[in-house]
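Visitor: Residues -23 to -1, 1 to 300, numbered by mature numbering (1 follows the signal peptide of the UniProt record, and there is no 0), are exactly what the sequence shown covers, in order.
For the record, the hints were derived by calculation from the structure and aren't laboratory data.
On a predicted model such as this, the values are computed, not experimentally measured, just so you know.
Glycine is no exception: its CB is placed at the ideal position from the N, C-alpha and C atoms.
Any given hint might turn out to be false.
Said to hold, decoys possible - Label-pair ranges, simulated between beta-carbon atoms: (1) 46 to 211: 32 to 40 angstroms; (2) 59 to 118: 44 to 52 angstroms; (3) 207 to 109: 18 to 26 angstroms; (4) 2 to 34: 17 to 25 angstroms; (5) 283 to 192: 30 to 38 angstroms; (6) 193 to 118: 16 to 24 angstroms; (7) 239 to 151: 38 to 46 angstroms; (8) 286 to 203: 12 to 20 angstroms; (9) 110 to 275: 41 to 49 angstroms.
Unchecked claim - Pairs of lysine-lysine, BS3-like flavour, derived with a Cα cap of 27 angstroms: (10) 124 to 298; (11) 162 to 290; (12) 194 to 126; (13) 279 to 298; (14) 191 to 256; (15) 162 to 194; (16) 55 to 282; (17) 45 to 10; (18) 251 to 45; (19) 282 to 45; (20) 55 to 290; (21) 298 to 282; (22) 126 to 155; (23) 290 to 279; (24) 45 to 7.
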Amino acid sequence: MRQLFRTAACALAMTFAAGAATAADTYPSKPVKILVGYSAGGAVDAIARSVGQRMSATMGQPVVVENKPGAGTNIAVKALTSAAPDGYTLLLAANALAVNPSLFQPAPYDLDHDLTPVTMVGRVPVVFTVREESSIRTVAQFVAAAKAKPGGLTVATPGNGSTPHLAMELFQHTAGLKLSHVPYKGGAQAITDVLGGHVDVVAVNALEVLPLVKAGKLRVLAVMSADRSAVLPGVPTVAESGYPGFEASVWYGFVAPAGTPRPVLAAVHEAVQKALDSKEVREQLAAAGGVTLPGPPEQFGKLLKSDAARYGKLIREAGIKPD
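The task is simple: from the sequences and hints, build the whole structure.
Guide: Written out as structure tokens, the structure is:
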């Protein structure tokens, strides 16, 4: 009887394996969906549509973008983890993917068990920015002003737990400062208020301020990326400004549901890499002050874990809560 059960179990396993292999061999045989946890028209949405269009050319199937904003991108992640692990539902994520398991309680998902990294897409630096009329012109002056009046310098961000907010908190800790955080519902109003002189500094991703910087209305004190930005070559990094090793960027990357077959992941990875090799996508990210960063799933997986650990510790120590 035991032998009969073993034989049946082996046959069943082989059937499932054969089914998975067949699905992988024919992938993709229908449209592929890219989930985005942000509203249409934003940076992540624009990148998803641009990359998706070029993925479609490689895959020979339509690649459609579906926006599922809300709950700090948790709604989109829930849609991904509820989807079949067959490669037909992907998520273009940003830093919130690594941050939210620490920011929200109980944790909305488990990075190690619910998701599979596919590839990085690119990075855009976070920048410290002031209005052109501000007397603060360098990071050193920013630090001096903050130390002269602890808690008196106001820093606007797109919201509690956002990457610019966490970058600000990280810098505050690194430089030994006490800053007053002013969270907004997105970067647009934060930028408006720094222009109006209602707050001293705004921390946002470079994409959001570049037009105003070029128009001479805002001035970037420093970029928080490891390297200088090609579109802001004269602006130093925070590391160059006296804080070696400091780095904080907005990144983008693709993830799939856990359990997605390796051959399917490889096909998605190849399609994304070809999209990132295109001149149009490279120029799109470069115009936003960023760079494309294609790489293997393992590299992206390490970034997810390191950011989850780094920002998780910061969230706990600073007592940061979501909006």
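Visitor: Can the restraint linking residue 282 and residue 45 be considered satisfied, given a maximum Cα separation of 27 angstroms?
Guide: Given pair residue 282, residue 45 holds - Cα atoms ~24 angstroms apart, limit 27 angstroms.
Visitor: For the pair supplied as a hint, residue 279 and residue 298, confirm whether the alpha-carbon distance does not exceed 27 angstroms.
Guide: holds (25 angstroms)
Visitor: If you draw a straight line from the CA of residue 194 to the CA of residue 126, is it 27 angstroms or shorter?
Guide: holds (26 angstroms)
Visitor: CB of residue 193 to CB of residue 118, is that within 16 to 24 angstroms?
Guide: holds (19 angstroms)
Visitor: Sort out whether residue 282 lies within 27 angstroms of residue 298, counting only the CA atoms.
Guide: Distance ~21 angstroms between residue 298 and residue 282 Cα, so the pair holds.
Visitor: Look at the Cβ atoms of residue 207 and residue 109 and judge whether their distance stays inside 18 to 26 angstroms.
Guide: holds (22 angstroms)
Visitor: Given the hint that residue 45 pairs with residue 7, does the C-alpha gap stay at or below 27 angstroms?
Guide: Satisfied, since the Cα-Cα distance of roughly 21 angstroms is no more than 27 angstroms.
Visitor: Does residue 55 pair with residue 282 here, judged by a C-alpha cut-off of 27 angstroms?
Guide: holds (19 angstroms)
Visitor: What's the verdict on residue 55 and residue 290, does the C-alpha distance respect the 27 angstroms limit or exceed it?
Guide: Holds - the C-alpha atoms of residue 290 and residue 55 are around 24 angstroms apart, at most 27 angstroms.
Visitor: Is it true that residue 239 and residue 151 lie within 38 to 46 angstroms of each other by Cβ?
Guide: holds (40 angstroms)
Visitor: With 17 to 25 angstroms as the target window, see if residue 2 and residue 34 comply at their CB atoms.
Guide: holds (21 angstroms)
Visitor: How does the Cβ-Cβ distance of residue 283 and residue 192 compare with 30 to 38 angstroms: does it lie in that range?
Guide: Because 36 angstroms falls inside the window, the suggested range holds.
Consistency note: the structure conflicts with none of the earlier hints.
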